Amino acid sequence: MSAAATPKLDLTAPQVVRKISQRSLIIGGLFGALSLVLAFIRPDEFYRAYLLGFMCWLGVALGSMAIVMIRHLTGGGWGTVIRRILGAAMRTLPLLAILFIPVFFGIRHLYIWAQPLSNIEDKHLREHLEQITQTYLTVNGFIIRAIFYFAVWNVLSFLLSKWSKETDRPNAPDNSGRFKAVSGPGLILYGFTISFAAIDWVMSLDPSWISTIFGLIILIGEVLSAMCFAIVVERILFDYKPMSEMLKPDFVHDHGKWMLAFIMVWAYFNFSQWLIIWAGNLPAEITFYLRRLSGGWGSIGLILVLFHFAIPFAMLLSRSFKRNIRKLVWVAVWLMLMRYVDLFWIIEPNFSKTLTVTVADIVVPVAIGGIWLWYFFRNLAALPLLPAYDPDAHEVLEPAHH
Amino acid sequence: MKREPIYGIMAEFDSATALVDAAKLTHQAGYQKIDAYSPFPIEGLAEEIGFHHDEVPLVVLIGGIIGGLTGYLMQYWMSVVDYPLNIGGKPPHSWPAFIVITFEMTILFAGISAVFGMLALNGLPMPYHPVFNVPRFALASKDRFFLIVFSSDKKYDPAGTRDFLAGLGPRSISEVPS
Chain A
3 MSAAATPKLD LTAPQVVRKI SQRSLIIGGL FGALSLVLAF IRPDEFYRAY LLGFMCWLGV
63 ALGSMAIVMI RHLTGGGWGT VIRRILGAAM RTLPLLAILF IPVFFGIRHL YIWAQPLSNI
123 EDKHLREHLE QITQTYLTVN GFIIRAIFYF AVWNVLSFLL SKWSKETDRP NAPDNSGRFK
183 AVSGPGLILY GFTISFAAID WVMSLDPSWI STIFGLIILI GEVLSAMCFA IVVERILFDY
243 KPMSEMLKPD FVHDHGKWML AFIMVWAYFN FSQWLIIWAG NLPAEITFYL RRLSGGWGSI
303 GLILVLFHFA IPFAMLLSRS FKRNIRKLVW VAVWLMLMRY VDLFWIIEPN FSKTLTVTVA
363 DIVVPVAIGG IWLWYFFRNL AALPLLPAYD PDAHEVLEPA HH
Chain B
30 MKREPIYGIM AEFDSATALV DAAKLTHQAG YQKIDAYSPF PIEGLAEEIG FHHDEVPLVV
90 LIGGIIGGLT GYLMQYWMSV VDYPLNIGGK PPHSWPAFIV ITFEMTILFA GISAVFGMLA
150 LNGLPMPYHP VFNVPRFALA SKDRFFLIVF SSDKKYDPAG TRDFLAGLGP RSISEVPS
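Chains as they are written, first to last, in the numbering used here: chain A, 3 to 404; chain B, 30 to 207.
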């Protein structure tokens, strides 16, 4: 059709992708073996760390799917250029569904509501749980809902990937209408499923505490992780063809703007939760912050305010900084680390009144990350880095202007 | 300041591409004080005429900081100094409650600074501008593209600059009276 329909650029992923995939598997295997040992000698610590690591990497996959869907609805070269990176992350969802199975085994280690209620000393909590464990928080319900969430996510990911693959070949159908039809409802479904998943998997660790914005806090963290991850991967690929030809400063600028926006929304949601709970000062709600601001946990909270929000926010205000992938990538790496710290601060204080970092807290997330990255880079190598016959491909393949 | 009788020399082009190319060559030839006019924004044109300085972000930043400080100090003064009230048993200086207004004031001041800073740095409002002395310049808001070399440029010389611009293949060349 147009010149863009016959790309001269070889769009296959560079060899380095396979190399990283293998190395990730080695790290995943080594740390995985260590994790298995920990699972037997320190099961309680293992399962906490497992949930933490799982939520970290699930966030990258689900956030990537959300950004892909946003791109299908809005268009724009910024999204086309990282589409296949996000797509490869999204296609790890079957692996993540399998990786969730250990949580089922750890359910009694993790969740107080899954244990015999007669063991609970706190009378108020016991009475509260007597009601809710009859209706919502049941072990069977937990499992069935988890299967449902993963089914929804995998169906969305499957459809989006299938139609994307079709546009790698000449004479491809124009799938943009189908993408839009799935992405609109898909984003709404994602909003609901991740909210419920956040309630089931994380908020129910403290079943007496409720926050209506909690699902959104998890959601925005996931999209932020995904954007940061895409920036890191595009930086790695930028040293090789074809990404070195495709990635223009304008696109990097847009990625930086997304990052800035997601950081601000993250801060906004977290501050909203804090302001409302602080102002209300109700016994049922304030416990969340009392616990997380004392016993050493407060210092982690302060780290989050400064290094998850204030400093990255100030750095990303600069236009030239956002346009330079070589600089931007370091903020992206930093924020991925902060995502881990944020989830650590949300999950771990449920189990300990004073700040404690166990060996498992480090080893298990690295193990899950290694296995996840192996699968991600394998996915990335499987398809060209751009669907060449997609109607939007020309935005990336053509030179910037004239 | 001594006013030159001639403001500059202006060349008229038919297309955006021609203008961008001409601007590039003129800038490369060593002309510093040049400007370009087009009916719509052209990506990359500002870079070609050597326009780099952009003080608006700094104005916005300063505006935002002033706004944030104003918002916070205003609330501090009201709640702590002027009229302390006991709200839910919280101390008068309860900073979490101040953040929302502080944030809003930051945005408000930053936004206003952006608009007025942009206008001021552009020298607007400007009731008189010499380029309108050239009758054909009216087409700049329709379908023509103009490049001007100001007479204040170091390299400017009436005949030489005119010949140089003529070499870029413009549709017309005019001298702009001050």
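Incorrect hints may have been included.
Ranges of calculated distance between the beta carbons of each label pair, as one might list FRET restraints [to be verified]: (1) B:I91 with A:I72: 50 to 56 Å; (2) B:D50 with A:E400: 50 to 56 Å; (3) B:P113 with A:L357: 32 to 38 Å; (4) A:R44 with B:L98: 47 to 53 Å; (5) A:D252 with B:P113: 50 to 56 Å; (6) B:L150 with A:L357: 49 to 55 Å; (7) B:D186 with A:I72: 51 to 57 Å; (8) B:P125 with A:I100: 15 to 21 Å; (9) B:Y112 with A:L319: 34 to 40 Å; (10) B:Q61 with A:A312: 24 to 30 Å; (11) A:A316 with B:Y112: 20 to 26 Å; (12) A:R44 with B:E76: 45 to 51 Å.
Pairs of lysine-lysine, BS3-like flavour, derived with a Cα cap of 27 Å [unchecked claim]: (13) A:K355 with B:K53; (14) A:K250 with B:K119; (15) A:K10 with A:K125.
Simulated from the structure, these hints should not be mistaken for laboratory data.
Computed from a predicted model, the values in this text were never measured in an experiment.
All residues carry an ideal CB built from backbone N, CA and C; glycine is no exception.
Numbered hints the structure breaks, given as an ascending list: 1, 2, 8, 10, 11, 12, 13, 14 and 15
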